[in-house]
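K.L.:
Make the full structure from the sequences, and use the hints.
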Amino acid sequence: MAATVNGKLAQVVKIIGDEVTLQVFQGTEGIPTNAEVVFLGKAPSLKVSDQLAGRFFNAYGEPIDGGPAIEGKEVEIGGPSVNPVRRKQPSELIATGIAGIDLNNTLVSGQKIPFFADPDQPYNQVMANVALRAEADKIILGGMGLTNDDYLYFKNVFSNAGVLDHIVSFVNTTENPPVERLLIPDMALTAAEYFAVEKHEKVLVLLTDMTLYADALAIVSNRMDQIPSKDSMPGSLYSDLAKIYEKAVQFPESIGGGSITIIAVTTLSGGDITHAIPDNTGYITEGQLYLRRDSEIGKVIVDPFRSLSRLKQLVAGKKTREDHPQVMNAAVRLYADAANAKTKKENGFDLTDYDNRCLDFARDYSREILAIDVNINTVQMLDVAWTLFGKYFKPEEVNIKAALVEKYWPKA
Amino acid sequence: MERTIIIANTSNMPVASREASVYTSMTIAEYYRSMGLRVLLMADSTSRWAQALREMSNRLEELPGQDAFPMDLSAIIGAFYARAGYVYLNNGATGSVTFLGTVSPAGGNLKEPVTEGTKKVARCFYALEQARADRKRYPAVNPIDSYSKYVEYPEFEEYISKLIDKDWLPMVNDMKTYLQRGKEIQEQINILGDDGVPVDYHEAFWKSEVIDFVILQQDAFDKIDAVCPLERQQYMLRLVMDICKHDYDFDNFLDVIDYFKRVINLCKQMNYCEFHSAEFEDYRKKLDDLLAEKQIAA
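Line by line, the protein sequences are chains W and U. Going by the numbering used here, the residue at position 323 of the first sequence is 332; the numbering climbs one at a time, nothing skipped. Going by the numbering used here, the residue at position 6 of the second sequence is 209; the numbering climbs one at a time, nothing skipped.
One or more of the hints may lead you astray.
Within a straight-line C-alpha distance of at most 16 Å, the following computed EDC-like cross-link-like pairs (lysine to aspartate or glutamate) qualify [as the list claims (entries may be wrong)]: (1) K471/U with E482/U; (2) K464/U with D346/W; (3) K17/W with E189/W; (4) K386/U with E412/U; (5) K403/W with D461/U; (6) K426/U with E331/W.
What the hints contain is simulated information worked out from the structure, not anything from laboratory work. Owing to the predicted nature of the structure, the values given are computational and were not obtained by experimental measurement.
P.N.:
Here is the structure:
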């Protein structure tokens, strides 16, 4: 239940006997012992309607763009997620134009997947790219602890692309009290649910950065004298994260369709994926994406090695061209051979002709397909891959099924 | 679907129900076992179950053990795995519960409490490996780190000899030796370079690659290659082991690589064809011709 403490918004987090613990979102500094507490009789809520589109809000769902307040139905945030038996298995591709995603780790509507990125990587730029290119009806941005630069970046990119009218943003910047961040995912998902459930739209939710969300959880748990679990995180971290990610859903056509797809960012400390936050996230989400700077081409790519979309097999070769699964695997296999060749070269050994061809292939593959500034569709990605196979290899070196080789191998 | 029961607890369901879900499923499995049935119970994943145990232990304000798991995690896992087994029923019939759990260790680190607790009690272990997944060698089960202790049982040896034939286990053992040798040689090549090792080292390494590509790897996207019945496994393993047992005539390591790549490609094409179809036999014929080119008659 929501309450105010001397006018500051708070939430009931514990009731034992007649003792009530309140969590004041802005922090408890400056609250006197005789502060006035008003219980509002309702949970934190958001007014939802089509007026949300194109607007920017803070963690309480109040406009921060100078526009008017939203009129609409008031909905409690943080409601339950959809029962598994009412869902449809995700099976529709969301094209992003980024080959590291579309070709190698296809994104599916209704999926939940995070970027595991180091703080120095351009994850927010990649997210903005995905948002702009993805064929979605609405995009909901949940920014937690965004720097003001990133906030303005998102705002400018969306306005310049002229797509602001189908974007809704909930933003908590670094100077806002950290505990307020805890409201952001629920606010964003409540808005997403409105568009997906009531309007049957294809909604994409972007959450950045979930590590700062988890840090805020740890602050609350610490103040409540809870025993810290792994990495000083609260014991309930897994449940807290699951409550958010499990909101991703694909509704069946029979009730009009609609979907919520969640792409999140979890920043890592020095690439450490064993930390409690990425570790717990990995159990819940359907894969993870990594960014990497490819020194051969000097550009950022989605790492073809560690990245994984657990739902790609639901669409690869089924909703995309038949040769997709085999081409994707063959190309990454050759890319791995190139990585071996590179190690060999660095160790000062002579390279074989095959090694050299792999290195050339890897460079072209990276530059013409993987680089995140390349924007082509899956058919083009597959065609470019075949062209590169034909340029550097013999059919028996790529181990693709003969029927596909006959059909797609570039004719001399 | 008629023989399947799914107990589903998604991650957002209450922690107590996530903790209970393996017990619910085991109880149902035991019910069918007492009816004299063979039951396969699969849990995905026992690491998430352990996460639930961790969360509950924290809520009970227990002092945290390693990685904040409960101190008795290993005992809890052990007690659960012990419920799997083959039993005699009161009417003299038999029934069984086979338990297959997946463990997802943080960052692939196998020295963490859930993996350790599981390895202590499980007789069989399939090690999925990031490096294999990166190279798209699927299923990414590392053949050297994985093991089944059942193959050492005389009862199993007797059973498998009857089911397949008595050469089967020795053949599988030989295969493992080739793979082990291949791995050792690969490490040598990494240190000494391609030129730094004799040509027959390359030959031995590529034999292990043939086993890897043709026997161990399967393409789940391909209708035919996704499923390999026992009879077909037997045929292919015999074929590949026959390739491995022969000596070949090579001048230099480049020839070795080029030759075995062609061998692998033909075998892979066989894997994509209907067993014993005209196409399959056609590739077999091409393979035999290719082998005849370089094999030294024994």
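K.L.:
Each hint: holds or not?
P.N.:
Each hint tested on the structure:
The suggested pairing of K471/U with E482/U holds, with an alpha-carbon distance near 13 Å, which does not exceed 16 Å. Proposed proximity of K464/U and D346/W is supported: the alpha carbons are some 13 Å apart, at most 16 Å. Straight-line distance between C-alpha atoms of K17/W and E189/W comes to about 11 Å, which keeps the hinted pair within the 16 Å bound. Restraint check: the Cα-Cα separation between K386/U and E412/U comes to about 10 Å, which is no more than 16 Å; the hinted pair holds.
Restraint check for K403/W and D461/U: the C-alpha separation of about 11 Å stays at or below 16 Å, so the hint holds. Only pairs whose Cα atoms come within 16 Å are accepted, and K426/U paired with E331/W is accepted, the gap being roughly 12 Å.
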